Each structure stands twice: as structure tokens, then as C-alpha cells.
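Please put together the full structure from these sequences, using the hints given.
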Amino acid sequence: MTMMRGGGGRVAMRDEAAQRAANASAPRVPNLGRRILALFAPHRGQIALTIALVLIVAAIAVFPPLLTQRVFDEALFPVDGSGPDLQLLWVLVGVMVALWVSSSLLGIWQTLITSKVGNRVMGQLRVSLFDKLQSMELAFFTRTKTGVIQSRLQNDVGGVASVLSNTVSSVVGNTVTVIASLVTMLILSWQLTVMAVLLTPVLVLLQRRVGQVRARIATQTQESLSEMTAITQEALSVSGILLAKAFGRQRDESRRYQDENDRQVGLQVRLTMSGQTFFALVSIFISVLPAVVYVLAGYLIVGGDTGITAGTLVAFTTVQSRLLMPLMGLLRVGLDLQTSGALFARIFEYLDLQPAITPPATPKPIEPARLGEVEFDDVRFRYPDAKADEPNTLDGISFSLEPGTFAAFVGPSGAGKTTIGYLLPRLHEVTGGAVRFAGTDVREIDPAVLTDNIGIVSQEPYLFHASIAENLRYAKPDATEEELDAATRAASIYDTIHRFPDGYDTIVGERGYRLSGGEKQRIAIARVLLKDPAVLVLDEATSALDTVSERVVQAALDEAARGRTTLAIAHRLSTIRHADVIFVIDRGRIVERGTHEALLEAGGTYATLFAQQSTHA
3 MTMMRGGGGR VAMRDEAAQR AANASAPRVP NLGRRILALF APHRGQIALT
53 IALVLIVAAI AVFPPLLTQR VFDEALFPVD GSGPDLQLLW VLVGVMVALW
103 VSSSLLGIWQ TLITSKVGNR VMGQLRVSLF DKLQSMELAF FTRTKTGVIQ
153 SRLQNDVGGV ASVLSNTVSS VVGNTVTVIA SLVTMLILSW QLTVMAVLLT
203 PVLVLLQRRV GQVRARIATQ TQESLSEMTA ITQEALSVSG ILLAKAFGRQ
253 RDESRRYQDE NDRQVGLQVR LTMSGQTFFA LVSIFISVLP AVVYVLAGYL
303 IVGGDTGITA GTLVAFTTVQ SRLLMPLMGL LRVGLDLQTS GALFARIFEY
353 LDLQPAITPP ATPKPIEPAR LGEVEFDDVR FRYPDAKADE PNTLDGISFS
403 LEPGTFAAFV GPSGAGKTTI GYLLPRLHEV TGGAVRFAGT DVREIDPAVL
453 TDNIGIVSQE PYLFHASIAE NLRYAKPDAT EEELDAATRA ASIYDTIHRF
503 PDGYDTIVGE RGYRLSGGEK QRIAIARVLL KDPAVLVLDE ATSALDTVSE
553 RVVQAALDEA ARGRTTLAIA HRLSTIRHAD VIFVIDRGRI VERGTHEALL
603 EAGGTYATLF AQQSTHA
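In terms of this note's numbering, the numbers along the sequence shown are unbroken and rise by one, the last being 619.
To be clear, the hints were calculated from the coordinates, so they are not data collected in a lab. Some clues are possibly wrong.
Heads up, simulated DSS-like pairs for lysine-lysine below, C-alpha to C-alpha not over 27 Å straight-line [stated by the list, open to error]:
{"hint": "1", "residue 1": "K533", "residue 2": "K478"}
{"hint": "2", "residue 1": "K134", "residue 2": "K147"}
{"hint": "3", "residue 1": "K366", "residue 2": "K533"}
{"hint": "4", "residue 1": "K118", "residue 2": "K134"}
{"hint": "5", "residue 1": "K147", "residue 2": "K389"}
{"hint": "6", "residue 1": "K478", "residue 2": "K366"}
{"hint": "7", "residue 1": "K478", "residue 2": "K134"}
{"hint": "8", "residue 1": "K134", "residue 2": "K366"}
{"hint": "9", "residue 1": "K134", "residue 2": "K533"}
Derived Cβ-Cβ restraints for the label pairs, each shown as a range [what the hints assert, rightly or not]:
{"hint": "10", "residue 1": "R491", "residue 2": "G605", "range": "40 to 46 Å"}
{"hint": "11", "residue 1": "D133", "residue 2": "L373", "range": "26 to 32 Å"}
{"hint": "12", "residue 1": "P393", "residue 2": "R501", "range": "47 to 53 Å"}
{"hint": "13", "residue 1": "P414", "residue 2": "I509", "range": "37 to 43 Å"}
{"hint": "14", "residue 1": "G434", "residue 2": "P361", "range": "19 to 25 Å"}
{"hint": "15", "residue 1": "S106", "residue 2": "P44", "range": "28 to 34 Å"}
{"hint": "16", "residue 1": "P361", "residue 2": "L108", "range": "46 to 52 Å"}
{"hint": "17", "residue 1": "E485", "residue 2": "G606", "range": "42 to 48 Å"}
{"hint": "18", "residue 1": "E485", "residue 2": "A450", "range": "18 to 24 Å"}
{"hint": "19", "residue 1": "Q615", "residue 2": "P393", "range": "24 to 30 Å"}
Quantities reported herein were computed from a predicted structural model and do not represent experimental measurements. From the three backbone atoms N, C-alpha and C, an ideal C-beta is built for every residue, glycine too.
So this is what it looks like as C-alpha cells:
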């Protein structure tokens, strides 16, 4: 969770965020249109069927207006004045009804196909984005708000849903309908057709301008949604609620959310209204045009044009409506595409991320006989976002551990202890030197092999909002209850679990908040034991516990470390007195190494730290 700040700092942060969002523009993504089309490539067959159905429906749509002309000029009001021809009228009306029914049924089929294709493409896009995020290095998540990431997955992908579902059928259907309608109108009267389409280029130019404005507003809207999601994730998590209540800041959190919500409401109103004037002009154009056609027809008839009959006028205005509505549909699709282009750009921006840590092209096998062997060879490391004048986090770290060695790393906060523990499983990548596991550089080992052989117990264990059994089986999905029993006994949590009414089925709550700190930590230890790794990394696993819980958890850790190579990052020196070797880290360097007794006898940094802690205790 982001650290809370004073009222002035929070306001400054809001103002800065608002300014950044106000200046936001869609990320520049090369070949955006081509990449959007590529999303539909796996569904070529269904898209081809959709296009065929659209063409058939569009072709059917040409005939009713022509039949309407015959209904007026031949069946209802014959030019010879003989009166209505009811037999012909029934035939013409029957054909028109059959065409309309066929068109509707084919339209339902086409909608089903486009809905399936669109939702599958959207689902695959979401999964691809999730997979990409899973491949990113740990540092990416330490510098990016969880809420912002969630917003990309939910709001951005959800925002393009309608475009993915309806674009193909809408573009093809409306285009074919417009062309077919123009052909039909030219057949009926080329003079009226010229007048009817005279202003169309102006509408297209207006549509392009409105689309650009909507795209900018859409980008700002998504930025605001990301911020709202981040606020929700921070403030309404268990930790966030606890922090707000502890400091009496609930009103401030509500005000923070209210401010961003007000901004979001304003952006949504702007986004909605940005195209309304344009579509009002289109609507006026559509409404007025039939009346203009009637006036022009009157002048043509007075001028001696005998080809314009009542049936021609009725048919022409019918076709005209079929031209203008699809044309308006195309304009809407154009606006939607321009608007969604900003969202697609944000999605592809994440899909184009390149992980800083990648698997080797040809992984090297590890030597089973050397399993558990760990070596750091002149290791240097600095974080990617570190300033140029900042020293390396680690600078020339070298040591080697034989299988089964218990090694402890101590030193002041910020010395680089945790970084050492995270370099071994390759959660971070070394800047220089090499980290070797079982005699092989970790950069040349399959990540799955590292994961299988290295277990981590952190200071703050993460438990899912699920049962104890489900949390344990996260390490080994097919674990039997006997294996769960063995792991929980070794972690000194078996008896505690079985005192709960539901045993292994007990729900632990979000992040395990229904359990005590010691219980959570021992379940985390049991989970690692179920994995049975050759190397164990203990990252200050007892520093947040009270004295009683620490003793229980420490006993579990000692049992877990038995027979394994262990890297224990410790704050309380009393917990690592029995270590085979202790490394004292200061400012990214190993300044002392040896056993507890040897380091005390040397009277250096370790002895000073131990004396300070002993006096405090």
C-alpha cells in the first residue's frame, strides 16, 4: 500500500496526478490498425461467414424499396387508371414480408457469430495481457500501482468490448448497404441522388475532427479510472482500512476518492457530449433531406421529367433512409474506432513491455550432485530506477556455500541483505558478476528449475482468501492430506489447525487476517516445506513477531532448515547464533564473516550490533 502523507502532500499529489492526466495522450504504438486486425486472424472462418451473411442481408435490403415502387405504380395506383390489382398486391406484399423475415433471421445468426468472435478476441486479449504481466520482473511491480495494473486489465480491455464485437459486421454491413442503396437510388433518379449525397463529405470531415477530440478525452478518462481503481485497492484493502482507522483518516480517504470521482464524472460527461453536436447535425440532415427531395422532385416534374412518379418518390425516400442510417452507423463506427484507438494503444503499450529478466534460450541442466550449492562471484547490483550518482546496492559480494550450510546475513537496514536473497531465485538480475546455483549461472538455468529448488519465507507471508488447505496446496496442488500433515507438523502448526472447528477447511480471510502473525508465518513455512526445496531463503521471517510467537516460529524455521542450504536474512541476531557462517553486510559489501563466537571475539561491527541488541533486550 502507498504510504499515507499529510494533507498538503496528498493535495499536491492529487494536483500533480490531475495535471499529468490532463496532459495525457494515447501512447504511440506503431501499426496500431494492423495489430488490431491481427487480433481477428484466428477467427478468419467465422469472420468470412459473417461477411457472407452481411452481404446477403444487404442484398436482400435492396429489393423491398423496388417492390414498394411496384406496389404504388402497378398494384395500388396503376398508370392506366384501372384500379388496384389485389392479386399483384398480395404477391408483392408476400415477397416483401418473406424478405424481411429472412433478413431478420440471418441478422440474428450474424449477431451470434460476431458476439462469439468479439468476446473471444476480448478474452484472449485480457489473457495475453495477464500473461505478459506475469512475465514481468519484480521491479516492475514495485514501481507500478496495483490498481493501475488492474485498470488496464478491466477498464481498458472492457472499454473496447463493443468495438471488438460489432466492428466487422457494422463496417461490412453498413458499407454494403450504403453502396446498394446508392445503386438503387441512381436507378430510381440520378438527379435526386446527387442532391441527397451532396453534403456527405462535409459530415465525414466533421466526424474525423470529433473523433480526435473524443480520443483525447477517452485517454484522460482511462487515466482517471486507473487512479480510482488504485485508490480503491489501497484504501479498501484490509491493510488500508486498518491504517485509515488507526490514524482517523477515513474522511480524508473518502475525500480523496470523491475528488477523483468528480473528475471522472466530468470526463464522462465531456466524452458523452463531445459527439452530440455532430450527431445532432446528422439527425437534422436526415430529417430535412426527404422534404428537400420533395421540393426538388416538384421542380423536376414541372420541368417535364415524367420519370418521377408517386411510387418513385416513395421508393426513393425509403431507400434514402436506408442510405442515411447506415451512413450514420459508419460515422459512429469511425468515432468508436478513433476513441477505442486510445484504449488499444494503452493495452498494446503493456503488451509491448519487455521483461528485464528472460529465460535462457537454451537452459543448462544443473548437476544433481551439487544441488544446494550456492555461489556469489563478485556480484554487483543496482536498481534500474536508481539515480546516476547513487552507489550500487551491492558492490563486489562474493561467497560460496556448500549444500546444507546455514548462512546468515545481518547488517543495518538498507545494507542490501534482502537483495542478496532475491538474486538467487533471480527475482532481480545482477548488474555484474555471477550468481551460481549447483555450479551453474542462474541466468542459464530454466526458471522452473530454480523455482522448484528454492523456497522463500518472507517477513510478511501472503495468504489467499481461501482455506488453509488451498493455501498449502498452492505449493503442491496434488498434495495428499498425509503430506499436509507432515508439513504442518514440521512447521509446528498442525495442532493449531486441528483446534479450528473446520481444520484444513478454515477460511483464513484476506491476506490471512483471521489468523495471528505467528500462525500465518507457520502456515507459510508449511507451504514451503510442502514444496521441499533444496535451498531456503528466510527474509527476516520472525522480525515482525512478538517474543512468544518468534520462539515458536523460530523452532519451525530451524526444523525447516535442517538438511537444506539456508540463507537467513536476520534482524534479530539472537535467531542466527547457531549459523554455520554469518555475513555482515554494510553499504552493499561484506565487511565481516565468520561464526557467532568468532565475530564476537573480533570485536567489529557484528559485536557492536550484538551488544546493542543485548542491552536493548
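Hint-by-hint comparison with the structure:
1. Only pairs whose Cα atoms come within 27 Å are accepted, and K533 paired with K478 is accepted, the gap being roughly 6 Å.
2. Restraint check for K134 and K147: satisfied, since their Cα atoms lie roughly 16 Å apart, inside the 27 Å limit.
3. Using a Cα cut-off of 27 Å, the hinted pair K366 and K533 holds, with the two alpha carbons roughly 22 Å apart.
4. A hinted pair counts as satisfied when its Cα atoms are at most 27 Å apart, and K118 with K134 qualifies at roughly 24 Å.
5. At most 27 Å may separate the alpha-carbon atoms for a hinted pair to count; K147 and K389 meet this at roughly 21 Å.
6. Taking the CA atoms of K478 and K366, the gap is about 25 Å. The hint holds against a cut of 27 Å.
7. For the hint pairing K478 with K134, the CA-to-CA distance comes to about 24 Å; that is within 27 Å, so the pair holds.
8. For the suggested pair K134 and K366, the alpha carbons sit about 24 Å apart, so the restraint of at most 27 Å is met.
9. Restraint check: the Cα-Cα separation between K134 and K533 comes to about 26 Å, which is no more than 27 Å; the hinted pair holds.
10. Checked against the given bound of 40 to 46 Å, the beta carbons of R491 and G605, roughly 42 Å apart, stay inside it.
11. As the Cβ distance of D133 to L373 is approximately 30 Å, the hint placing it in 26 to 32 Å holds.
12. Checked against the given bound of 47 to 53 Å, the beta carbons of P393 and R501, roughly 50 Å apart, stay inside it.
13. Checked against the given bound of 37 to 43 Å, the beta carbons of P414 and I509, roughly 40 Å apart, stay inside it.
14. Taking 19 to 25 Å as the suggested C-beta distance range, the pair G434 and P361 conforms, at roughly 21 Å.
15. For S106 and P44, the hinted distance range of 28 to 34 Å is satisfied, since their beta carbons lie about 29 Å from each other.
16. Checked against the given bound of 46 to 52 Å, the beta carbons of P361 and L108, roughly 49 Å apart, stay inside it.
17. The hinted window of 42 to 48 Å between E485 and G606 holds, with their beta carbons roughly 45 Å apart.
18. Remark: the range hint 18 to 24 Å for E485 to A450 is upheld by a beta-carbon distance near 21 Å.
19. As the Cβ distance of Q615 to P393 is approximately 27 Å, the hint placing it in 24 to 30 Å holds.
Of the numbered hints listed earlier, not one is contradicted by the structure.
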